[in-house]
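K.L.:
Residues per chain, in single letters:
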Amino acid sequence: MTPGSGTILETQGLSARYGEVEALRAVDIAVTEGELVAVLGPNGAGKSTLLRSIMGLTNARGTVRFRGRTLPSRDPVAVARHGIVLVPEGRGIFGPMSVAENLQLGAYQIGGRGVEFERRRTRVLTLFPRLKERLGQAAGSMSGGEQQMLAVGRALMADPQLLLLDEPSLGLAPRVTAEILETLGQLNREGLSVVLVEQKAPLALKLARRAYIMANGHVTAAVDTAEIKSHEELARFYLA
Amino acid sequence: MKNWRDFTSPSTCLRASLGYVPAVLAIALVGYAIIAGGFFVSLTSFALIYAIFVTGLNIFMGYAGQASFGQNAFAAIGGYTSAVLTTAYNVAPVPALFIGVVAAVLCAVLVGYPTLRLKGHYLAMATLAIGLIVYEITVEWQSVTNGYMGISGIPPLGIGSFEAATDREQLILLSVLVALCMGSAWLIRQSRFGRALVALSGSEDAARALGIDVARYKLAAFIVSAVYAAVAGSLFVHIVGFVSPEVFGLNMVILGFTMLYVGGIGTITGPLVGAIVINLLPEMIRGLKEYQDLVYGAALILILIYAPGGLAALGWSKRRSTSPATTTVELRGARTQS
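Listed in order, the protein sequences are those of chains A and B.
Counted from 1, the first sequence has number 228 at position 228 by the working numbering; the numbering is strictly sequential.
Counted from 1, the second sequence has number 154 at position 154 by the working numbering; the numbering is strictly sequential.
Don't read these hints as lab results, they were simulated from the structure.
Keep in mind that a hint or two might mislead.
[Said to hold, decoys possible] Now the in silico label distances, taken between C-beta atoms and shown as ranges:
1. A:Lys200 - B:Pro308: 35 to 41 Å
2. A:Arg65 - B:Ile301: 55 to 61 Å
3. A:Gly111 - B:Tyr306: 55 to 61 Å
These numbers were taken from a predicted model, which means no experiment stands behind them.
The beta-carbon is built from N, C-alpha and C at its ideal position, and this holds for glycine as well.
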């Protein structure tokens, strides 16, 4: 599916601080319906803070609009009810709980049971068959790749309108990362809007058509990924 | 509900069986006390009352991962409400118990709403203050509580014409109530509410991002734990027939914590196992005379070293998580890492 014309997410002047440190400085980004947008940049650029601020998990100033409606600030519960789901850096799975319970928590808004729940669970287990073999296992005892699959699967259980994905490749083997990103690409082709934060830029550029480059809390460039043909060009954008 | 794969090898089967041993032994001890009678009945009765108290503490601490040093306040509210209503106003024990629970819930709402914004040590200190304040009230409000002299002549529990007057009847009644409390704790853990509590204990931000209203659920867990504490407090005064401020002092909280960690925090049967071990252990080693305290302390340290998840979590594999006991093992591990 090609990206739709409507804007699903828009931030205006989004700023956030951690104490004295200004982590995000007047960031403006926009994502159209069905689009996969990458947010790239070095460590400490403010990428994760951007996702957390969209989710309402920081004391951010500025505006976040979802399909034209302004989202409440500092209210992640309300943001989640709009269908925005964050897969945080480090996966954020609940290690002591079983895989099945983690999936139930993903569908928390619909109660974690029933026909709709089963439909979503079947879809997730089809996308990630390995989770099916691990349903009774403690999530924390799985491999890193399986935990990341669970993190994405749990997010999909919420039937998201917009998926915010923070560093899915972190600490994973290239083969596992490729598998997860391939699934992500499939979901995007089916119409899911995605904001993908990633330090490993080449991985993200394979999936995204547009990318925002961040440094020191700023968006330094908004680029069409087709323009970036080489590592040198990518480095130029980073350095700019 | 267990995954059949968990029992495919003799070793895992043996480990799974071992996981049930402490709970089965605890239940067997209660059964023995009912049959044997005597002093053992009183000891087991106190253990069962504490099992209810610790079950509530477990929901707030084991499931939701919050710290409360003030649960004795709710036990005192339940106990004193029952004592005053039955002795001064001739209210029947069961309605008095329910009124005590309502009073504890109201107090939990009033106290919990502002204090549950605090985290970690600050929340622990705030709840400790609640326990101390209620203790002072029971001492100073002499016209109602009779101060240090306490209230005596509290009638035993009963419904209609039935009255649990003998030790054995009281023990049977308490056994039924403990089973109900453990059953309700299990249902809570399996529910959407229980999953949300365990989730917020893992990461409040991750829970919020899933749409879980963390503040509301923490308050709800606090209220539920207050209900268990109030029931325990009320049962205590009806079983003993007397109440004074010391009954619900800080010692109750320390005992509750010890029982919870020795039994198994986050497990269903842990509160029962812990309450029985902590109540019966001193009696079992009484013959050691001057070495009694030394052996008691050493036994507790050994349990915590060799069963860090508590006795009820012994034998459970870390890989399985369908058992609440396993949840605890993983929960502790996760917290240690964080």
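K.L.:
It remains to establish, for every hint, whether it holds in the given structure.
P.N.:
Going down the list of hints, with the structure as the test:
In this structure, lysine 200 of chain A and proline 308 of chain B meet the distance hint of 35 to 41 Å, their C-beta atoms being roughly 38 Å apart. Checked against the given bound of 55 to 61 Å, the beta carbons of arginine 65 of chain A and isoleucine 301 of chain B, roughly 58 Å apart, stay inside it. As the Cβ distance of glycine 111 of chain A to tyrosine 306 of chain B is approximately 40 Å, the hint placing it in 55 to 61 Å is violated.
Checked against the numbered hints given earlier, this structure breaks only hint 3.
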